[in-house]
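Hey, can you piece these two chains together into the complex? The hints should help.
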Amino acid sequence: MAVATQPVHGASDLYVPRPVRILDVREEIVPDPAAGTRRTVTLTLERGDLDYLPGQFLQVTAFGGGEVPISISSPGGMPGALYLTIRDNGVVSGMLVAAKAGDVVGVRGPFGNHFDLDAHRGRDLFFVGGGCGLAPLRGLYWEALLRRSDFGRIVLLHGSRCPGEMLYGWQWPDYERQGVEILLSADRADDCWAKEEHPPRCVGLITKLFDQAHIVPERASAFLCGPPIMIENGGRELVERIGLAPERVLGTLERHMKCGVGKCGHCVVVDRYVCIDGPVFSYEELAALGRIEPAW
Amino acid sequence: MSDARYWASAAALDGILDRLAAERTLIGPVRRGGDVCFRPVARAADLCRDYVNALEPPKRWFLPTPERLARYRLPGGAPVDGGDALRETVFFGIRSCDVAGLAQLDRFFSGETIGRPDVADGPYLARRKRTTILSVVCQDPAETCMCVCCKGGPALDAGFDWQLTELSTGWLVEVGSAKGRELAGRFVSSLAPTDERMLAEQAGRVAGVVETFHRHSSRRVQSMAAGRMVSQGRLPEAFWAELGERCVECGGCAFVCPTCSCFNVVDAPEAGAGVLSPAGGPEPAVPGGPTSPNVEGTYDRLRLRDNCQLAGFVRQYGGSYPRATCGERCRTRFFHKLSWQFVARVGTLGCTGCGRCAQVCLGGIGIDVVSQRMTDALVGAPAAAAAAKGA
Numbered sequence: 001m002a003v004a005t006q007p008v009h010g011a012s013d014l015y016v017p018r019p020v021r022i023l024d025v026r027e028e029i030v031p032d033p034a035a036g037t038r039r040t041v042t043l044t045l046e047r048g049d050l051d052y053l054p055g056q057f058l059q060v061t062a063f064g065g066g067e068v069p070i071s072i073s074s075p076g077g078m079p080g081a082l083y084l085t086i087r088d089n090g091v092v093s094g095m096l097v098a099a100k101a102g103d104v105v106g107v108r109g110p111f112g113n114h115f116d117l118d119a120h121r122g123r124d125l126f127f128v129g130g131g132c133g134l135a136p137l138r139g140l141y142w143e144a145l146l147r148r149s150d151f152g153r154i155v156l157l158h159g160s161r162c163p164g165e166m167l168y169g170w171q172w173p174d175y176e177r178q179g180v181e182i183l184l185s186a187d188r189a190d191d192c193w194a195k196e197e198h199p200p201r202c203v204g205l206i207t208k209l210f211d212q213a214h215i216v217p218e219r220a221s222a223f224l225c226g227p228p229i230m231i232e233n234g235g236r237e238l239v240e241r242i243g244l245a246p247e248r249v250l251g252t253l254e255r256h257m258k259c260g261v262g263k264c265g266h267c268v269v270v271d272r273y274v275c276i277d278g279p280v281f282s283y284e285e286l287a288a289l290g291r292i293e294p295a296w
Numbered sequence: 297m298s299d300a301r302y303w304a305s306a307a308a309l310d311g312i313l314d315r316l317a318a319e320r321t322l323i324g325p326v327r328r329g330g331d332v333c334f335r336p337v338a339r340a341a342d343l344c345r346d347y348v349n350a351l352e353p354p355k356r357w358f359l360p361t362p363e364r365l366a367r368y369r370l371p372g373g374a375p376v377d378g379g380d381a382l383r384e385t386v387f388f389g390i391r392s393c394d395v396a397g398l399a400q401l402d403r404f405f406s407g408e409t410i411g412r413p414d415v416a417d418g419p420y421l422a423r424r425k426r427t428t429i430l431s432v433v434c435q436d437p438a439e440t441c442m443c444v445c446c447k448g449g450p451a452l453d454a455g456f457d458w459q460l461t462e463l464s465t466g467w468l469v470e471v472g473s474a475k476g477r478e479l480a481g482r483f484v485s486s487l488a489p490t491d492e493r494m495l496a497e498q499a500g501r502v503a504g505v506v507e508t509f510h511r512h513s514s515r516r517v518q519s520m521a522a523g524r525m526v527s528q529g530r531l532p533e534a535f536w537a538e539l540g541e542r543c544v545e546c547g548g549c550a551f552v553c554p555t556c557s558c559f560n561v562v563d564a565p566e567a568g569a570g571v572l573s574p575a576g577g578p579e580p581a582v583p584g585g586p587t588s589p590n591v592e593g594t595y596d597r598l599r600l601r602d603n604c605q606l607a608g609f610v611r612q613y614g615g616s617y618p619r620a621t622c623g624e625r626c627r628t629r630f631f632h633k634l635s636w637q638f639v640a641r642v643g644t645l646g647c648t649g650c651g652r653c654a655q656v657c658l659g660g661i662g663i664d665v666v667s668q669r670m671t672d673a674l675v676g677a678p679a680a681a682a683a684a685k686g687a
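Chains B and U, in that order, are what the protein sequence lines are. The opening position of the first sequence corresponds to residue 1 in the numbering used here, with each subsequent residue numbered one higher. The opening position of the second sequence corresponds to residue 297 in the numbering used here, with each subsequent residue numbered one higher.
Worth flagging that the hints you see were computed from the coordinates, not collected in a lab. No false leads were slipped in.
Facing chain B, a subset of chain U residues (Cβ under 10 Å, in silico): (1) F404; (2) R611; (3) S616.
Source: prediction; values computed, not measured. Every residue, glycine too, gets a C-beta built ideally from N, C-alpha and C.
For reference, chain U alone in the conformation it holds in the complex (with noise of 0.2 Å):
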């Protein structure tokens, strides 16, 4: 729950964001081609104020790809120190399932998940202490948005370092950490306390959205029905078959996913970012392995986006090859979002509702319809579209 709440005018906002985006690096939505993308941006007039969301999540932010792990020198292989530097961040805009993806991605990261601090990984930890978290309630739910089933929104109680909600006189400032606190501290003069009737007007929007979710979305995360099924391998084969023929294996659903965070690492010459981009350059030297190994120089251990849809991702040595077929690699994907097994390591689903992979996903088997599915299979298909109908 935010331990304190503040309004802020719309001028007194765009101000805060301006000297934020002076100081710091300024990250937030903005049209492009169409599309609306978080990008850096000079001043608050920049940013997109009409807008769902942004085609990807703020992931790529924190897991760049390709991004150096390490560096080392050959011959002998010792370590050469020094990384990118890191700014401060700020991400104003972010939705609320994308911070409850990041909050997964956090607890994942630190190795809490699996119950490992030890390995806690530092260069997204590092990324993510040097962010500071301004998110925006989604007053306006696209089709395809589906927070309201996963507990990704349209608000949140925590994970954001402010969550702003748009209010018919201004900005409802909610604080949701240390960070935030000293945020608001620093801007005290910009900001006003609120009354009950704002309180009133925000809670009232945000049961707004959710009643406009369960009167006009015909999209759901069936996560209870879908997780039993899943979670006891009650699942014939034919269903994933089935879903594995509708599958093109674009891996555009763990592409955009606010949760999906599989990379591979590689090693390349110094330069290996720049042969890695799509821009080209001289022959690559990786993926596929290196051209001339063992050359004297200085080497990059990157780290690269990876994704369990596509082929490759699990091939190993000697021609053994689980998971061989598309289908057995969407049911991988799929327990992995709606499993008990899951819910029980990570502490919630492994969705948030943000409805990317629906919208992205070109043989139409985005989670709703795939967890409708096997909603239908555990009690079946009339009497689902019966209960669907009753609701």
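Isolated chain B, as found in the complex (with noise of 0.2 Å):
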């Protein structure tokens, strides 16, 4: 009698983590009840041989948890170690929010597409982030900073609920001695900081800082991530009001893949994978998905 047999796993290590170690972790929003805003984490993990680009996502495991996707928000070529700024918002996420230097944690990807800096070369660059949408978007502007000369202006602007809510505050006197622009805007905020004159603000939703930032049209690329609601408004502003060409306004979408290889169907907008086929999408192809699934 023959029966053959092999072990499952030998097949594939396709959903095994990579155990990773945390070097340090930093506090990036104290959570406040009152003004509902969460507690928001940057974990430097150890970056091994992982080669990955910006707007690249990884699948980071909570062990004895489960898995979320989380993006990179750390350049691609910074040596030794990779950042990922998690908010807790759900089991897994509370867990890797309390973690601690030392700790690990497990890791699969990178997957997805990424931005290609290089197609915006000698162009005006501006980064919109609602929320911990700025988190996508930060190695990619950091890569921009580490090649400066290469591109014209550098624009940030960075809208959330709350001022309490704003990620990376404390890069921004850094960001602007380097020439980087910021502005601001918070959907609510007391007048004390309403009235703050520095970095320039508004009150109210993002699309509103797009006046502000004196965008010239023809020599500007603009790069988005936050609520769907907030691409697909904020770039529908960008082309259809203020004149960008739509294949340079590009968004990074999210959905809660559980696989990020193409295979749970978590992901999928109408036809694309976004784990596959994205995150990074130009508004262009986010246009013609949004005329078979309105709003993603």
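Set out below in structure tokens:
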């Protein structure tokens, strides 16, 4: 009697996380139940031989809890370490933000396509990040800063629900010294915040900042990340009102991928798998998807 | 096209199946409480011969739920080697619609449909590699069968290892793969050459099924017109909202579909597979999150069947909730099944015409009804009715 057997797992390590050590934890946002803000931290992970490009994401395992997709928030060329900014939003992200330096998390990836910065050489770059949506853009604008002379103006537009929910404020002075223009918006804010003059700001939606940003459409490229409605409305404003070419407006979509490799089906938008075909899409592509699945 | 054909008497085929059952796992149709399901059998005599199709497609044997994808140990998260051992398996009695469904799953899980062989799904492919498919051509289609519309049958040119057609004098065996040739070589003493009469009888029987379908079935998958409407986003929101009102969100359509394969991935303590079973056990660790995270021990990464019709499928953190309404979820499902975009990507319709969704849908919105409504929306209901009458 011939019985052929072989372990299932010998066949693939597609779903097996690689243990990686946390080198450091930086507190980004302090939880404030009154303001509705949740604790947000940036984990510094050992990079090892992991190669990635801005815009890509990792599937990050809180061992014993599960796995969530997290964008990489550091430039591709950074030696030794990589950054992940994570907000306490659920069971797994809650375990990840509670981690300490020295703890081990699991990673799979990197997954997805990426921003191609070379295609925007010589242009003014506008980064539009709503809330936590700034995290996936951070690796990109950081990389642009490392190649500062390749680009024209670099403008960072950051909006959030309230001032306490803004990300990476500790880096702004350094950015400004390198010539980055920073504009802020908060959906709601007290007079004290609103009256401060620096960085320039407004109370309201992030799209209100577009008029303050002095965008010259012929030489501008924009990169958006945030809630779908922000990407949709922001992209439309930039293309239809301000006049940017739709292929020069790029958005990165967020979905709760379970696999990262185009199999589980959780990230499907129309006929696109965000984890494989995205997460970076041009406004042109997003508008076409929106004609079949409005608001994606 | 089949590369070799043989004839086997009914006794010879049973002899082959008995020998296969002795040396491998033989799975075939068996009757369980009025329904027919695919289950392991010890001998050919246990197989059900009088059936249209099984209640469930065979995918549950290739995508079992829960299925362990990985195992790691805490503290440290180091992967633990060793998994479920796989036996060589023979599937007997799969209908052509399910063979076509498996072929689609093969292309999907191998990464072919997304042009990414580097992300082939090992666990699925390992099961498929160890499986031999002996399909049986359906000669008595159910009222819900629609394979003729979807190139899913009644007989196929490829996708099987052996395709069997019952003739008046025994069985016609068509060999469709290297594995099938190897099997024919092993059982060469039980097989005989075919003659023209047998091939003509098979062609006649297949043509008879097609004719029966065209004459008697009122059900169709209207793929051309429906594909046009759904691919171009031409169906108004009200169309989907109405489907959403009829859908009871049981997920039955996707669970019984031979080509639906969406899944969830969760991590659970080693005993997780047990506590996830309907039999219960201690407080479930997942879904809903671990009750005691980071406890020392061994954890399993499990794949669980999931379903795009269920409300939580695309739920995201922070309150963002794409496709919050049931109608929007219906749109996603039918887009995946019928759109040109997915046909371009997958190579075929996402439907093989098995008719199971039409059988199980409590809201009466199987793919036949919905694709007909899409056609009505394109050409107008009266014109569609006249066309149907004319046909």
